[in-house]
Amino acid sequence: MRDVERVVLILDVNGEARQLLVPSHKTLLEVLREDMQLTGTKHGCELGECGTCTVLIDGKPQLSCLLLPIQLEGRAITTIEGMANGSDLHPLQVAFAELGAAQCGYCTPGILLAARSLLEENPRPTRDEIREALAGNLCRCTGYTKILQAVELAAERLR
Amino acid sequence: MAAELGPRAMFVAGGTDLFPKLKRRQFEVDSLIGLDFLPRAIRNRSDECVIDAGVTLAHASHDPHLNERFSGYAQAAGHVSSPPLRNAGTIGGNLCVDTRCNYYDMTYEWRKAAGFCLKKDGDICLVAPSSPRCWAVSSSDTAPMAIALDGLVTLVGASGERELPVTALYRDDGDRYMAKQPDEVVTCLRLRRSLNTRSAYVKLRRRGSIDFPIAGAAVAVELDGDRVESCRIVLSAVASYPLEAKAAEEFLKGRRLQEDVIREAAEIASKPAKPLDNADLSHFWRKRMVRVVVEQALARVSDQQPGLDG
Ligand SMILES: Cc1cc2nc3c(=O)[nH]c(=O)nc-3n(C[C@H](O)[C@H](O)[C@H](O)COP(=O)(O)OP(=O)(O)OC[C@H]3O[C@@H](n4cnc5c(N)ncnc54)[C@H](O)[C@@H]3O)c2cc1C
Ligand code: SF4
Ligand code: FES
Ligand code: FES
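From first to last, the protein sequence lines are chains P and E.
Counting from 1, one number per residue, gives the positions in the first sequence under our numbering.
Counting from 1001, one number per residue, gives the positions in the second sequence under our numbering.
With the rest of the complex left out, here is chain P:
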């Protein structure tokens, strides 16, 4: 096997500057999970199709399985671990728990982050706007209705 090239990077993850020495070909998903132990970001298809690896880059949802950390220095990366404020859950997390919008929970981190980005931009989304914002995130359990209701409930509480 060819030598693996390693690079020193400083990434801004959940508001904290983190210095890392990682192989340059590793995806952000792999670096978050394997080098930073931030395992809340989930591994799904790895091909951009399921959305479970969603993180926020400068506040906008992107897929960590298709991002290279080497391209992300200086950008603000938010993972699900950065969603709660200390021990206070984000209103979206509370609403998801209350309404049972998570079953197996595998899609939940990605959906929560995509929903957070939506509500920051648009505090009064219609149901169709919520559907559109979550269109890149698959859920195999809930049938989506509870997810849409939970986002609406959190939006109401956040206003």
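What the hints contain is simulated information worked out from the structure, not anything from laboratory work.
All C-beta atoms in this analysis are idealised placements derived from N, C-alpha and C, irrespective of residue type, glycine included.
Honestly, I wouldn't trust all of these hints.
What the hints assert, rightly or not - From chain P, some residues computed to sit far from chain E (all C-beta separations above 12 Å): (1) ILE10; (2) ASN14; (3) GLY48; (4) LEU119; (5) THR142; (6) ARG157.
Claimed, not checked - Derived pair list, reagent style BS3-like, types lysine-lysine, alpha-carbon separation capped at 25 Å: (7) E/LYS1246 to E/LYS1287; (8) E/LYS1246 to E/LYS1274; (9) P/LYS26 to P/LYS60; (10) E/LYS1287 to E/LYS1274; (11) E/LYS1120 to E/LYS1021; (12) E/LYS1112 to E/LYS1021; (13) P/LYS26 to E/LYS1021; (14) P/LYS26 to E/LYS1023; (15) P/LYS60 to E/LYS1021.
With chain P fixed as given, assemble chain E with the ligands onto it according to the hints.
Chain E with the ligands only, in chain P's frame:
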């Protein structure tokens, strides 16, 4: 740099097409050249709009000026893949996106088991074994619309800078589908229109939230009163390059965009489209649906105020 590194190096912009393909070993490279340095602005002028290649699809689809004056382009950008992918994917990457085929967009192991094809690692086409060429399908949503809007692209490479019509970027070959030099970077796209241009894009796909097109119609019409002065109709996902329906464009000239005319134009436009059995859903049905997407796109422009989305 690209010219020095040769074929084992590739450009990467958003990576949303390239990275899944690298993982499936559809490309094997030693170096990636990041295009993060490309500018990312949309510049509006009275009769044209210049979009930098680094502009994301999300940015283009939400831009108010594009939505008002080049609505078909904003619609096409907003119909690519899914919201998180549009936050990363760029308009330059969408112009250069690889052609697709059911026998090619598979993992290395799948392709090895099925037998490699000539687009990667093999020497025959599995869709049309008697044909010497690859028939992989051009699947960009924005390229047909950029052509319909008389788009020009700027290329910068080792031998300098040049501007050419978007049509001249493509070849009728699923394997070597780009006509530009490998070391040339697309730096911007210039869309042009007159005051009376109306445009629309209609796309057919299995899941409305994420999939590539299996048929699409990009239409730009210039009206003189209520008659068509000129028009361009360009189809996505029915050939190895964005296919212009020239006979239908000729037919529409001088006519009013009324129901029976639209129906006939759509019928004529669908004739040259010959989808093969290498994309999602049945190719017979895809062929039939080409008429429907063209009809819908023309109906949309016929109801529009100049430049407004219908
Ligand atoms: C699940 C999924 C669904 C998708 N659905 C669609 C869809 O519906 N419609 C569609 O059109 N696409 C779709 N795509 C493909 C892709 O997301 C888009 O085409 C996107 O616009 C590609 O842009 P990018 O910046 O990510 O390109 P990259 O992946 O970075 O690059 C794509 C290709 O273009 C080259 N390239 C990129 N920028 C330039 C440049 N400026 N100059 C020269 N060469 C360049 C690269 O070398 C590479 O060969 C989908 C992808 C996924 C994973
Ligand atoms: S059209 Fe033929 S050669 Fe081209 S990718 Fe498909 S099977 Fe391979
Ligand atoms: S793991 Fe990234 S989209 Fe599925
Ligand atoms: S809760 Fe199981 S995938 Fe969504």
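Do the hints match the structure? See the list:
The Cβ of P/ILE10 sits about 16 Å from the closest Cβ of chain E, beyond the 12 Å cut-off, so the non-interface label holds. Every CB of chain E is more than 12 Å from the CB of P/ASN14 (nearest about 18 Å), matching its label as outside the interface. Its closest Cβ contact with chain E, about 6 Å, brings P/GLY48 to no more than 12 Å, contrary to its assignment away from the interface. With a closest Cβ-Cβ approach of about 14 Å to chain E, P/LEU119 is found to remain outside the 12 Å limit, as its non-interface label requires.
Listed as outside the interface, P/THR142 is consistent with that label: its C-beta sits roughly 16 Å from the nearest C-beta of chain E, beyond the 12 Å cut-off. Residue-level check passed: P/ARG157 sits 24 Å from the nearest beta carbon of chain E, beyond 12 Å. For the hint linking E/LYS1246 to E/LYS1287, the alpha-carbon distance of about 17 Å falls within 25 Å, and the restraint holds. Restraint check for E/LYS1246 and E/LYS1274: the C-alpha separation of about 15 Å stays at or below 25 Å, so the hint holds.
Of the pairs offered as hints, the one joining P/LYS26 and P/LYS60 holds, with about 21 Å between alpha carbons and a cut-off of 25 Å not exceeded. A distance of roughly 7 Å separates the Cα atoms of E/LYS1287 and E/LYS1274; the hinted pair therefore holds under the 25 Å criterion. Restraint check for E/LYS1120 and E/LYS1021: the C-alpha separation of about 12 Å stays at or below 25 Å, so the hint holds. Distance restraint check for E/LYS1112 and E/LYS1021: the Cα-Cα separation of roughly 15 Å lies within the 25 Å cut-off, and the hinted pair is therefore satisfied.
Between the alpha carbons of P/LYS26 and E/LYS1021 the distance comes to roughly 15 Å, so the proposed pair stays at or under 25 Å and holds. A hinted pair counts as satisfied when its Cα atoms are at most 25 Å apart, and P/LYS26 with E/LYS1023 qualifies at roughly 11 Å. For the proposed pair P/LYS60 and E/LYS1021, the alpha carbon gap of about 24 Å is at most 25 Å, so the pair holds.
Consistency with the previously given hints fails for number 3 only.
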